[in-house]
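S.K.: Going line by line, the protein sequences match chains G and D.
If you read the first sequence in my numbering, its first letter stands for residue 3, the second for the next number, and so on.
If you read the second sequence in my numbering, its first letter stands for residue 3, the second for the next number, and so on.
Think of the hints as simulated: they come from the structure by calculation, not from any bench.
Do not rely on the hints blindly, as some may be mistaken.
A pair counts as met if it fits within one copy or between any two copies, since identical chains are not told apart.
Unchecked claim - Result set (SDA-like, lysine to any residue): computed pairs, CA atoms no more than 25 angstroms apart in a straight line:
#, residue 1, residue 2
1, K288, A100
2, K288, L275
3, K288, P181
4, K288, H177
5, K288, R155
6, K288, G137
7, K288, P205
8, K288, D147
If you're wondering where the values come from, they're calculated on a predicted model, not measured in any experiment.
There are 2 protein chains.
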Amino acid sequence: MIIAGADLGGTHLRVGLRRAGETRLLARRSLSADPTWTPAQVVEAVAAMLEALQPTGEPLAALGFGATGDIDPEGGACWSMRRFPGLEGAPLAALLTARLGVPVQLLNDGLCAALGELRAGAGQGARDFVMVTLGTGIGGGVVLDGRLVTAARGRVGKAGHMIVDWDGPVQPTCHCGLPGCWQALAARAGLLHRARELAAAHPESLLAAGSAGVDPTPEHIAEWAAAGDPAALAVWRETGRLVGVGLANLVKLFAPERVLIGGGLAAGHPELLRAARAEIERHAIKPYQRPDVLLAALGPDAGLLGATWAPEELASHHE
Amino acid sequence: MIIAGADLGGTHLRVGLRRAGETRLLARRSLSADPTWTPAQVVEAVAAMLEALQPTGEPLAALGFGATGDIDPEGGACWSMRRFPGLEGAPLAALLTARLGVPVQLLNDGLCAALGELRAGAGQGARDFVMVTLGTGIGGGVVLDGRLVTAARGRVGKAGHMIVDWDGPVQPTCHCGLPGCWQALAARAGLLHRARELAAAHPESLLAAGSAGVDPTPEHIAEWAAAGDPAALAVWRETGRLVGVGLANLVKLFAPERVLIGGGLAAGHPELLRAARAEIERHAIKPYQRPDVLLAALGPDAGLLGATWAPEELASHHE
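Isolated chain G, as found in the complex:
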């Protein structure tokens, strides 16, 4: 039995096939995503890639479709598709089912990533874990008793918008407009904001020299930290601490045995993981609030791979 997964990210649409009972993709394809896509064009793109991928002719059992945005797994529609305005509210599950003749399950891509890590990555063998992806925002998912815990009706929990600094400064801002969101402080914008502050405070630093007249990237800041610049190192340490504050909140809420950190920033510099671990430890008031804190294992593949488990996982929620 073959299950397909699709992952519509900011820049690419990726499709892969997995044989039931296996944990790797048999085959995969990737296509540049066009911001002007209509629902019909996405459906055709998925269908064409699936046809090209099925050399064995084995029939497809189901498709899991992950996307960045406000995915309604029960309604089968995508919302808040900021990069794909033409897909706003599109009944993608029904359209894909009509075209492909198989059941289709939509799911937020952060939840797909958690599913991927559960079945084939750093969550394997864990009964419970919290996974977050650090990038422009913070997404992720929670697994308890081997099952994905979602927000109500299969939606993704907005952990990134958790307020951790309720009367803090407005900067750095979150796109929601409220001050104090975890992702504003601990994801990419927070890291870059901290870099500007520390560059100003340490004009003698590599960080300051490298930031003169240009906006450094996380990769630049990691290079300067690796070269021993204390200011650049502090950017990663302070960001890791803020990552840890929000993770500690999730550990308090869910008491998982593991915490997995994925996304582009997670492995940006080892100081981030170290500081996040220390902050989680500082918050532990119970023995079971000391999870193993690990990097996620599957990288950008987590979402695509996880999408192939979405149909089975979401069906089990309604048994």
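Position chain D relative to chain G; hints supplied.
M.R.: Frame of chain G; chain D shown alone:
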């Protein structure tokens, strides 16, 4: 079929019986709780109350036992029993089963309260809700798809220790020692701290006059607010706002259709609920983040009644 519930609170041990399929207690008993109790004494107290309660002679099917503290539903033991040091780590489930001859399920009392509201209170008819109890701390539980969502392994999530002000002032403190816990800001200690600050800032107020030389209770502050004192009203409004900040975090994580607020402070003054609602509304960035925010319906009975559903509910988690 008769199911028993027990609720070990700070001051009383209460026991009740419920017939399966019904939503009210058939009968109940209460006993002053003795802080020096041994496990054997608690077991005997429960057994004696159950015997006195069973006039029909119908056999008991199970017992749910709720308690304040760090209850391990899988291990069947109670920890962090601050008011009952003799019960620390006691295998109460096994001891009660041995004495009573029926399955016994331990569960934190905040989770019991959420179960009670789900089956017989303000959660009836909701598919998903978040319930919190506001008192000396903040407890509660989450229901998704009609089932109680716990932390890993049936433990209670420590939402009260969620950090909402990560670099805020140390005062008011939480018993965990860290600044910025939701319950330090939004439960009883936070309300009383705010009352002292507002009394000092408004020496002409009823609040200041009533606080001179004495520590006012929440009931006093509610009376002055009801009499029109702006400072006393501000105590409830600001506390409600902080209640709302934490609830907004839970709404972001779980997207429930309802939020239930119970516990002694919840109905202390209507301004608290009003301000909490406004804060939740202010944080809503999605249509499904606008839950109905209601007072819990069962008052102090929620935990005892909910305990009678604990055996069935926890068993279903391992189906």
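S.K.: Next step is simple, just say for each hint if it's right about the structure.
M.R.: Going down the list of hints, with the structure as the test:
1. Within a single copy, K288 and A100 get their C-alpha atoms no closer than 51 angstroms, and across copies no closer than 29 angstroms, so neither meets the 25 angstroms cut-off.
2. Within a single copy, K288 and L275 get their C-alpha atoms as close as 21 angstroms, which meets the 25 angstroms cut-off; across copies the closest is 31 angstroms, which misses it.
3. In this homomeric assembly, K288 and P181 come within 25 angstroms of each other (Cα to Cα) only across copies, at 17 angstroms, whereas the closest approach inside a single copy is 30 angstroms.
4. When the C-alpha separation of K288 and H177 is checked against a cutoff of 25 angstroms, the pair qualifies only between copies, where the shortest distance is 13 angstroms, while the shortest distance within a copy is 35 angstroms.
5. For the homomeric pair K288 and R155, the shortest alpha-carbon distance between copies (14 angstroms) is at most 25 angstroms, but the shortest distance inside one copy (31 angstroms) is not.
6. Taking identical chains as interchangeable, the C-alpha atoms of K288 and G137 lie at most 25 angstroms apart only when they sit on different chains, with a minimum of 21 angstroms there against 30 angstroms within one chain.
7. In this assembly of identical chains, K288 and P205 lie within 25 angstroms of each other by CA distance neither inside one copy nor across copies; the values are 42 angstroms within and 42 angstroms between.
8. Proximity of K288 and D147 under a CA criterion of 25 angstroms is satisfied intra-copy only: 20 angstroms inside one chain copy versus 29 angstroms between copies.
Checked against the numbered hints above, the structure violates hints 1 and 7; every other hint is satisfied.
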